[in-house]
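Novice: Next come the chains, spelled out residue by residue.
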Amino acid sequence: MAVKPAFQRPIGRLPIDHEVVDECRHLASEIAGPVDALARSRTTASIERASLRLVGVDGVVEGTEGAEAFPIPNAVVDAIRDSVGLERGALIPFFDAVETGCGDIQTTAGEIARGERTPRWPDGVDYEIALERATNEARHGVDRIAEAAELRAERIASVGDAEKPWFYLIVATGNIHEDIPQAQAAAREGADVIAVIRSTGQSLLDYVPYGATGDGFAGTFATQENFRLMRAALDEVGEELGRYVRLTNYASGLCMPEIAAMAAMERLDMMLNDCMYGIIFRDINMQRTFTDQRFSRMVHALAGIVINTGEDNYLTTADAIESAHTVLASQFLNERLALAAGLKDEQLGLGHAFEINPGAPDQIALELAHAQLIRECFPNAPLKYMPPTKHMTGNVFQGFLYDGMFNLVGALTGQDIILLGMMTEGVHTPFLSDRDLALENARYVFGGATTLAGEIRFDADGDVARRASQVLEECRQMLRKVADIGMFEAIEAGMFADTVRTRDGGKGLDGVVVRGDGYVNPVETLLAERVGVAS
Amino acid sequence: MAVKPAFQRPIGRLPIDHEVVDECRHLASEIAGPVDALARSRTTASIERASLRLVGVDGVVEGTEGAEAFPIPNAVVDAIRDSVGLERGALIPFFDAVETGCGDIQTTAGEIARGERTPRWPDGVDYEIALERATNEARHGVDRIAEAAELRAERIASVGDAEKPWFYLIVATGNIHEDIPQAQAAAREGADVIAVIRSTGQSLLDYVPYGATGDGFAGTFATQENFRLMRAALDEVGEELGRYVRLTNYASGLCMPEIAAMAAMERLDMMLNDCMYGIIFRDINMQRTFTDQRFSRMVHALAGIVINTGEDNYLTTADAIESAHTVLASQFLNERLALAAGLKDEQLGLGHAFEINPGAPDQIALELAHAQLIRECFPNAPLKYMPPTKHMTGNVFQGFLYDGMFNLVGALTGQDIILLGMMTEGVHTPFLSDRDLALENARYVFGGATTLAGEIRFDADGDVARRASQVLEECRQMLRKVADIGMFEAIEAGMFADTVRTRDGGKGLDGVVVRGDGYVNPVETLLAERVGVAS
Amino acid sequence: MTAIRPYGDTTDDGMVQLSFTLPVTVSERAREAAMSIARQMGLERPQVVHMKGMGADFTFFVVYGATSVSVEPDELEVEERPFPLLSYQEVNRAIRETLKRPLVVVGACTGTDAHTVGLDAILSMKGFAGDKGLEFYSEMKIVNLGSQVSPEEIVETVEREGGDAVLISQVVTQRDAHLVHLRQVEEALVDAGLRERVVLVGGGPRFSAHQAAELGYDRIFGRGSTPSEVASYLASQLDRLVEFGPHPTTHRGR
Amino acid sequence: MTAIRPYGDTTDDGMVQLSFTLPVTVSERAREAAMSIARQMGLERPQVVHMKGMGADFTFFVVYGATSVSVEPDELEVEERPFPLLSYQEVNRAIRETLKRPLVVVGACTGTDAHTVGLDAILSMKGFAGDKGLEFYSEMKIVNLGSQVSPEEIVETVEREGGDAVLISQVVTQRDAHLVHLRQVEEALVDAGLRERVVLVGGGPRFSAHQAAELGYDRIFGRGSTPSEVASYLASQLDRLVEFGPHPTTHRGR
Ligand code: B12
Ligand code: B12
Ligand SMILES: Cc1ncc(COP(=O)(O)O)c(C=O)c1O
Ligand SMILES: Cc1ncc(COP(=O)(O)O)c(C=O)c1O
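Protein sequence lines correspond, in order, to chains A, B, C and D.
Position one of the first sequence corresponds to residue 1 (our numbering), numbered consecutively onward.
Position one of the second sequence corresponds to residue 536 (our numbering), numbered consecutively onward.
Position one of the third sequence corresponds to residue 1071 (our numbering), numbered consecutively onward.
Position one of the fourth sequence corresponds to residue 1325 (our numbering), numbered consecutively onward.
Don't take each hint at face value.
What the hints assert, rightly or not - In silico SDA-like cross-links for lysine to any residue, where the CA-CA straight-line distance does not exceed 20 Å: (1) B/Lys1042 <-> D/Asn1468; (2) C/Lys1196 <-> A/Glu322; (3) D/Lys1465 <-> D/Arg1530; (4) C/Lys1196 <-> A/Ala318; (5) C/Lys1211 <-> C/Leu1285; (6) C/Lys1196 <-> A/Asp161; (7) B/Lys1042 <-> B/Glu771; (8) B/Lys1042 <-> D/Gln1413.
Stated by the list, open to error - Residues of chain D clear of chain B, computed beta-carbon distances all greater than 10 Å: (9) Ser1343; (10) Met1378; (11) Ala1380; (12) Asp1381; (13) Pro1406; (14) Gly1435; (15) Ala1438; (16) Ser1471; (17) Arg1484; (18) Val1496; (19) Thr1497; (20) Val1566.
No lab work stands behind these hints, which were simulated from the structure alone.
Glycine included, every Cβ here is placed at the ideal spot set by N, Cα and C.
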């Protein structure tokens, strides 16, 4: 495989007004403030389950199995909710049960799950004992996350890292045992990042399936075991190739915190994690998503996981020219809420996409303008660039060319993470050969054009420059409106993707709990402390 | 079909040294001088046959047929050569026979062909009579050529012209009756120029086949009837589309002058015509080709035909990076010899190609440098850009992408005539669908990137600029060497395409005749007069 | 008209292009295996023009060859649209005159499918390719349930709203998800005793009209369908709806 | 090892991609015609994922479908190279020791074919892909006649030069030009009574070793062949050449 030429992020190529950029950032933090505050004033069933998982609760209730298997963390949290409620968190009642019982975490969890024991809220010394155990176990759990980051660093140091840009490929057979050989074949042909797409609808499950699975639809269930199996397979091929191969999955959905925790424990390297995706595209309650995203992002922050945001989704429904500014606006918000959860710039894989109608005049010039604008606005973020999907048809030849032009724009604008397009996007989930051809396409284009990124300039009063400034201005206008009325109201007003969502509508509201005074969650406290944000 | 954005020729994008360009032009005319002198001091069997055709001699000798049919013009010229020799030209002996015979041109030609009459060299009044008739008929013949140009202009004015860049497509079934529907289908999908590729080996035939043919190998014989049929078919579809569709064929070979004459009479619009192709790539004697190219180019000049030169051929055998300068050097020579034959800048479709190894680092940047350099050196020529061929394999998907990058470089550098690449270049002569996909590819790329041509700039001390200057300098060095030793000697020394050709070697020398004093050819004289060059 | 064959560059040359992967290491043996596959598919003198190893266990091939099969287009029975294409006014008039009340349309993406763009293209004002959606028809009442709706919710809605037509979208086809999910809705309607009372319509990019029968649907629409086609079809089914008289549950619904 | 089938994204799914043109106007009927072609080629549940009219009389299709055919790679007989691959030195030594004189190789592109790059890749010093050409071998004498050489010229040269091996290149295959032209050379050599005295080798991108017999050649080389393979093959034929003793015409030749 041709070696990649030296990667660079071309900056200062467009005469954009940086005061406008600064104003957008300022508006974003104004808007994000109340959202972060809301998140800090609530907890969710999934956050409590994630916390239990981090202190070692796992497994499924006997007698339940497969995709329907009922996880013990769910059973325990349900039991606590029904007995003492979740307002003060699940850890104290749980560790009280552990300490007043056999002392073993998993055994106690099983007892509670089977209904053999009913959790209570301990007082006095019992409370102190439970709190101390909880705090110790939480420390181990949080350490485990931090260790994942260290282990990754060590592995990269020993096997070697991948050169940028990173070629990101998707596997989606539905069966982890078919996914693995395909992921390994892709890695051998040059894939730097493997994403295992989830089975349709998993994001709406209020629990995380268990074990190795083979029954997904158009994707494979995100389970801790599937994570482990794929991570091991990629470590194996990474050794072989002398290049650390990254693994990605999806946090978004009703179980963001738990999946984030599992990803951290199994040393995944990137996670799809967007502050609004669940709300807009999956009709998940906004309080639920806003609260969950904060916890899950603190986990990612500590685990050294790069998040991928989902702005590309706006363009799969809306027009990529008319709505270009909504992508940028959402990126400023995602950036702000990510930093508020302790993530660093280097962890912000802000997403955008090459989705302009191929029949539109000057589409290649416009895509260049959009991609370069985003590059200029986020000079330190490892941007994630998504290929054409919406306008991909059954003409696989023409589709292969669109993907090539996408690669070219990615190369010319120095995008860090390139999600390789599939010529069969309009037909089926990727075939093994689709992926291999996509890699050949990318090697050719990046091998041939990367250095151009350093030396191309755009006429200061040409269409590209003009278009970039226009999109930036439209973004400012949008953020000003949102800032005026506030984030919740803006979503209720359908200002994002023309989709109306109400504060108390959508799925998963029942799992949102306003923290009572006395809310205790050592896991959350330690996480916030470690990543340096207010708990 | 998407309309093409306004075409432009980006000039002044590279900081190249124009004094070097001027020196190259100067060296080229130094080199071309003796070549043009040689051409003016000789005639060839094919020039005499072409002259006869222009005064109305046509048809084949009875009893001969198909690809082997023996043309009457050949029979007549052979008879004259055997009786009085060709040193003083064929027209006087021929018209003497006409005037002393039945007076009818075609009848007399038949008689001579059948050996019923033996040509003689007339003296005194007979000479005057023959000369007068010859001059009158020559005037009609030359007028006919000029009329073709007018007729083209009228048609374009009435049906409308094609926008630049012109998409040039090849048909090559071997059978004119399969070629026609395919050419029409291509025109309907956006082809602006149709080239009917010749059957392999026609360039080595010392006569032009006759009639409508269906037995070509990997190409269709160039015959006057095939020209007529295709021209009519394209006029028909042109009416339908409201866009004049141009027709191209190949002059090069042993019959350059005759095919040029036929093309003029049948109103072809472009012709492949290179001052050295026959010598280097078909081992045709250099005196023959240099003499023939001059006559054929005078015909093209008057007929308003755009010539296409064959520099692309250098890169099909040599390496496109190492030999980039040989393409440029040949272009300066082709330009010089074309102007010497009366062609105007607007008629110089100088050829070059996108043939760098796709695995070479920065190949896209290098192709951009080469194409832009040529654009800057010939700002007024309708450049003809050829697609990748040599590195095209059976991977039709990847091949389709290479063609897309070729289209992109063509768009960014404002190439006028784009010979669309075929994804199956490495497999077979084009299928109908290959052509259609190629057009879809071109519409997408040119529709999306043409305006960028106007606003892209290259870092003055970047690789693109550096590479362009380097190639220009290598070209100057080569032209200096050629100028030192002289053109004939340079070819004998193998300085072009590492191919050694001797002055008296190669095919067709027997058809070269040094003009004796008293050489008379009113057709040639009138042509030179009309196009304003010395006869 | 007579039989036709694939056309490369000469009438009846039968040329086709083929590509596929075999789970085998790249080698001359692999090439022969590909040749064998091509021959078994009826290609004469197949040529493996490209062979590439993908990892250690797979090889990709591009093959060209001539097939001897032919087809007589005129002999094929192609289902012509069995209902007339009506204008916006004609559809509204038909509903007013035949049904004498608004036509209630319930639409949903069922199962785990969250691809709503297609359904929205048919239902929403905006419509598809310049053709306005069903919401635009004055005589229709549209209830668009959106994505990932369970069969139960659909049945409930049909009862509550007094649905006359049920429009189900399925885009994800992997492992036949689309067929499975369409059947589930059909069965739920049968169980609820509503099947005959409603016009049941399915759609998605990978369906063809043929499949209606096997799926127990009244009609199936494929890729590129337009709202007016759907509206015209519904108008053609009004008599049937009238027959059944008002929905037992309609009154609850209003 | 057992039978394997084309692999899309799941073992034995049999998925293949197909594209072709039919000489018919784009329409639903055209789509059905394409489906019929695909089915006749054995594809199950074929999907016409792309259909595009080209002019008024032709339509292009892209089809995906599952084939049920399978192949057992191990059962196939794949001809392993019937001669050992020798080094530069080994080849030269073999010629010196067995033939005891330089091996005379006559090469040409015959017929109307002017594609010399392939032949030059085998013959010229420069060679192919870093592998030096036959001119580089000290024990060989190479006569490269270049392009568009007639069978007669080839025969003359073999006689004049006392050729031991004749190497013919053919690249253009349209309307089987390559087969026609190779046969012409073989016949000319037979007529001249030289056929058994020379090792007759053909080559070009569209040939496969199988074809040697049918064409009356001793060996045929396909795309990607290297000079050392050719040299090794020639070395493997030396005994045969010795048998025939010196060329009757050789002495004239020297
Ligand atoms: C947009 C899109 C998305 C968006 C959807 C946004 C939304 N709100 O709809 C997002 C990003 C969310 C998405 C997600 C996923 N997608 Co998606 N997506 C697409 C994409 C790019 C375009 C689909 C589209 O909008 N087409 C435009 C509409 C107008 O066309 P249409 O759907 O065919 O509808 C027309 C007709 O079919 C018909 N019609 C459709 N429905 C109905 C219903 C009725 C009643 C009638 C009468 C007519 C009708 O009328 C419409 C107008 O003509 C396609 C790829 C492609 N280019 O096709 C992939 C694609 C459909 N997605 C795919 C997959 C796998 C997914 C995921 C499951 C991947 C994953 N595991 O994460 C996820 C999960 C979503 C889920 N749970 O279902 C696959 C499906 C593969 C397969 N055949 O099984 C595709 C083909 C991509 C691929 N090659 O992998 N996707
Ligand atoms: C370069 C080239 C040309 C050059 C040739 C320059 C030259 N001096 O050779 C030029 C521009 C002159 C040319 C012209 C034409 N070409 Co051309 N050309 C090509 C091209 C781009 C590359 C061929 C090449 O050099 N390959 C590289 C060499 C090293 O590979 P190779 O030939 O396969 O050789 C290897 C093996 O086959 C083997 N081998 C080959 N010969 C021999 C012989 C022996 C004895 C042995 C042992 C081994 C051996 O060893 C070699 C090393 O591994 C191909 C397209 C492509 N990408 O393949 C078209 C192609 C071959 N050309 C084609 C055509 C049609 C023509 C023309 C006839 C078009 C026309 N009508 O004008 C003309 C006419 C030429 C003629 N009279 O024959 C077609 C042939 C279609 C077909 N299959 O019938 C092709 C495939 C392009 C296409 N798709 O249309 N061409
Ligand atoms: C941010 C984000 N999260 C999650 C997903 C996948 O979501 P689901 O599993 O709900 O299809 C996507 C898919 O595009 C995404 O962009
Ligand atoms: C200038 C020129 N003339 C003629 C030809 C075709 O020549 P022939 O008919 O000899 O193959 C070419 C082909 O590339 C060419 O470039």
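Novice: Now look at each hint and say whether the structure bears it out.
Specialist: Right, here's what the structure says about each hint:
{"no.": "1", "hint": "B/Lys1042 <-> D/Asn1468", "verdict": "holds (17 Å)"}
{"no.": "2", "hint": "C/Lys1196 <-> A/Glu322", "verdict": "holds (15 Å)"}
{"no.": "3", "hint": "D/Lys1465 <-> D/Arg1530", "verdict": "violated (27 Å)"}
{"no.": "4", "hint": "C/Lys1196 <-> A/Ala318", "verdict": "holds (12 Å)"}
{"no.": "5", "hint": "C/Lys1211 <-> C/Leu1285", "verdict": "violated (26 Å)"}
{"no.": "6", "hint": "C/Lys1196 <-> A/Asp161", "verdict": "violated (48 Å)"}
{"no.": "7", "hint": "B/Lys1042 <-> B/Glu771", "verdict": "violated (40 Å)"}
{"no.": "8", "hint": "B/Lys1042 <-> D/Gln1413", "verdict": "violated (40 Å)"}
{"no.": "9", "hint": "Ser1343", "verdict": "violated (7 Å)"}
{"no.": "10", "hint": "Met1378", "verdict": "violated (4 Å)"}
{"no.": "11", "hint": "Ala1380", "verdict": "violated (7 Å)"}
{"no.": "12", "hint": "Asp1381", "verdict": "violated (7 Å)"}
{"no.": "13", "hint": "Pro1406", "verdict": "holds (26 Å)"}
{"no.": "14", "hint": "Gly1435", "verdict": "violated (7 Å)"}
{"no.": "15", "hint": "Ala1438", "verdict": "violated (7 Å)"}
{"no.": "16", "hint": "Ser1471", "verdict": "violated (8 Å)"}
{"no.": "17", "hint": "Arg1484", "verdict": "holds (18 Å)"}
{"no.": "18", "hint": "Val1496", "verdict": "violated (5 Å)"}
{"no.": "19", "hint": "Thr1497", "verdict": "violated (8 Å)"}
{"no.": "20", "hint": "Val1566", "verdict": "holds (36 Å)"}
Checked against the numbered hints above, the structure breaks hints 3, 5, 6, 7, 8, 9, 10, 11, 12, 14, 15, 16, 18 and 19 and satisfies the rest.
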